[in-house]
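Undergrad: Now for the letters of each chain:
2 protein chains.
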Amino acid sequence: MAVNLVAPEALTPVAGVRWSTVDAAIKAPGRDDIAVAWLAPGTSTAGVFTTNAFAAAPVTIAKRHLAGGAPRVLVINSGNANAGTGMAGERDAMTLCEQIAGDCGLEPAEVLPFSTGVIGQRLPMTRMAPALSHLCADTRDAGWQAAARAIMTTDTVEKGASREVDLGDGRRCVITGIAKGSGMICPNMATMLAFMATDAAIPEPDLHDALVAANQASFNSITVDGDTSTNDAATLSATGQGVVLDSTDTGWPAFVALLTELMQELACAIVRDAEGATRFMDIHVRGAKDIDEARAVGYTVAQSPLFKTAAFAGDPNWGRILAAVGRAPIDHLAIDGVDIAIGDVAIVAGGQPRPDYDEAEAAAVMARPEFTVGIDLGRGSAETHIFTSDLSYDYVKINAEYRS
Amino acid sequence: MAVNLVAPEALTPVAGVRWSTVDAAIKAPGRDDIAVAWLAPGTSTAGVFTTNAFAAAPVTIAKRHLAGGAPRVLVINSGNANAGTGMAGERDAMTLCEQIAGDCGLEPAEVLPFSTGVIGQRLPMTRMAPALSHLCADTRDAGWQAAARAIMTTDTVEKGASREVDLGDGRRCVITGIAKGSGMICPNMATMLAFMATDAAIPEPDLHDALVAANQASFNSITVDGDTSTNDAATLSATGQGVVLDSTDTGWPAFVALLTELMQELACAIVRDAEGATRFMDIHVRGAKDIDEARAVGYTVAQSPLFKTAAFAGDPNWGRILAAVGRAPIDHLAIDGVDIAIGDVAIVAGGQPRPDYDEAEAAAVMARPEFTVGIDLGRGSAETHIFTSDLSYDYVKINAEYRS
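Sequences listed follow chains B and C, in order.
Position 140 of the first sequence, counting from 1, maps to 140 under my numbering, and the rest follow consecutively.
Position 318 of the second sequence, counting from 1, maps to 1318 under my numbering, and the rest follow consecutively.
Mixed in with the good hints there might be a few duds.
[Stated by the list, open to error] List time: in silico BS3-like cross-link candidates among lysine-lysine, alpha-carbon distance up to 30 angstroms: (1) C:1397 / B:63; (2) B:289 / C:1063; (3) B:397 / C:1063; (4) B:63 / B:27; (5) C:1027 / C:1397; (6) B:397 / B:27.
[Unchecked claim] Over 12 angstroms on every C-beta distance to chain C, these chain B residues come out as not near it, computed from the model: (7) 21; (8) 38; (9) 86; (10) 94; (11) 131; (12) 134; (13) 139; (14) 205; (15) 253; (16) 287; (17) 289; (18) 305; (19) 349; (20) 397; (21) 400.
Think of the hints as simulated: they come from the structure by calculation, not from any bench.
Each residue gets a CB set at the ideal place from its N, CA and C atoms; glycine is no exception.
Can you make the complete structure from the sequences, with help from the hints?
TA: Following this line, the structure appears as structure tokens:
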């Protein structure tokens, strides 16, 4: 079902990052469902996490451990979110950190746990603990692609991307990242799970700034269903095996630009693989007073069930776009400044339908699997892109049957 | 498909209100699609209208006319919303007001127009104008039930309710109302269309206060899909044919209480008849700091696609309720104060799953067509009820095929 999305052909290894994967039969046996990233000594890591008040146990612990110092291990399981599990869930996550730390001669605080899957069930510790026990001694590298597969839940395609950054003066670094997610997607900090790494050496504060900036234009600009997950997390690690870089470097803008591009590719991959998606849409809002206003309008349209079902049908029912813009939580919108277009077909100008509007042309655009909805508010110069999917029978089917 | 909803057996006439209905073939011939309410001289009327910035042409005109004085005629068409039609749409609506006023010896400003149906198409004036021409002279009373049928769009059951109010001292008055709506339902002032009348004589300011208060607990407490319509409007007329009443009267609280009850019945009828609905749910939020907070949490749960699809499946996937509560736009929610129940089955206590929780019991509740979701935030004494429906295949089907 994924819209214009195929698995990455190859992901560039990042010196200083090694991946292990293992089958712990967390939800069902038959696939690797734990991925462990081993980070070289000296790696700095930045993270962003869900703003959901019911943050899952692993989110709580990962945030605490990340605040305490530089992690050496990321341990990620799919099939169970360890969310809504209370203190028992936190103890389970800590037990896993302690086990890995003990096996590997590390402190528990050097291990960051991540979980994704069903909410409200305890982790199957009796299966997970044995599965993790041999990993520390195994020096093979399963690679980024295997890790991307291991962290999938309802994803149908693994998601990863690589970039090589030209920092000038003959200096280069690589960035590789993986992500998972296809439902409960409306990140309000980061979305679901994404793990990026570069071989450059970057101080943690600069790394964090770069992650936050790139995150706003990528994982924080997508929505499938408006449901912000309890488990959203994204990390960016700099292993320090390559060039030394910080925010004063002339190559820094290039690094941030390509990091943003890579994270946008991963974020859009989540939307392309959204539960039941048949269309990928870029809600491009322009002419806003400020970026918050542009985002509010973009999200209101992107989350409108009526717009999303019309998109599923390929029906240029632009009245639903107009109605969504009109109810967006922004102040004093003057409708006579609003223009709306689907693809390159102008529909509404100055708040009124254009006399030359041809519905057949708009229908032809909406018959495509991928198109842009252009909204110009006509009262400022801020703009943004919000990426979203349609609402199909299969979205309902997948989410009605998720636990059965 | 409607959930526990049948058409009203009888609606009590209100002295001073007469209804005409007529088939103008607005969307298709074969049913009456215009209803006209004739209000006796001396009737006072209050109204509440959509907050959508793209308010439809009839909303703009009805608000203007209502501000100018007491209306004598309400003219309501289904099949076409006359929204997103710009200045041409306003001229169409005014033309209809002028025609009716001319036929009946009234001022155009004494006519309030209302429209509901598809957005973005001009009214079929060549069919509507002739259909309206004979109505003024026809003194038959089609009755409230026929009017309720004429204003339906995707509604499957007409919606109406009556109450007799005991005002004390042997005084009584009646209230009767009708409503329509089943999609694009997330009122932010009034929802869709609802018309109530009483035979009491009530000054307009008091009538307006009563309407606003009752509206908050009824039409402003329901959601089907989070999409606030461009055409929402509700009016309350007091014909003055019966008792004289104002807000200082000892019978006033009884009047407001029964008005609220009647409007809740109409509002819940809209949810019961929601597009594709198979379940009717009362999201009961308690323990909030204030009513705004309670409403924010209730709406976040009621509009969560993941909660709504789980409800469709009858799946007590309470993690989705918890995740929705956690992302609600309220400040500093301490999850260890939160309790969640489905019907009388307690699930979460103090933010953690209860050890005695029995999923089979919760599944039995959710197998019913109607149940309550109880959410106690544990940090205050404000509470509210938000009424909503599930998200089914048929919701997608109805909205993907609406215009075809």
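Undergrad: Does each hint fit the structure? Answer for all of them.
TA: Taking the hints in turn, this is what the structure says about them:
| no. | hint | verdict |
| --- | --- | --- |
| 1 | C:1397 / B:63 | violated, 43 angstroms |
| 2 | B:289 / C:1063 | holds, 29 angstroms |
| 3 | B:397 / C:1063 | violated, 43 angstroms |
| 4 | B:63 / B:27 | holds, 25 angstroms |
| 5 | C:1027 / C:1397 | holds, 20 angstroms |
| 6 | B:397 / B:27 | holds, 20 angstroms |
| 7 | 21 | holds, 26 angstroms |
| 8 | 38 | holds, 31 angstroms |
| 9 | 86 | violated, 3 angstroms |
| 10 | 94 | holds, 16 angstroms |
| 11 | 131 | holds, 24 angstroms |
| 12 | 134 | holds, 32 angstroms |
| 13 | 139 | holds, 38 angstroms |
| 14 | 205 | holds, 27 angstroms |
| 15 | 253 | holds, 34 angstroms |
| 16 | 287 | holds, 14 angstroms |
| 17 | 289 | holds, 14 angstroms |
| 18 | 305 | violated, 4 angstroms |
| 19 | 349 | violated, 10 angstroms |
| 20 | 397 | violated, 7 angstroms |
| 21 | 400 | violated, 4 angstroms |
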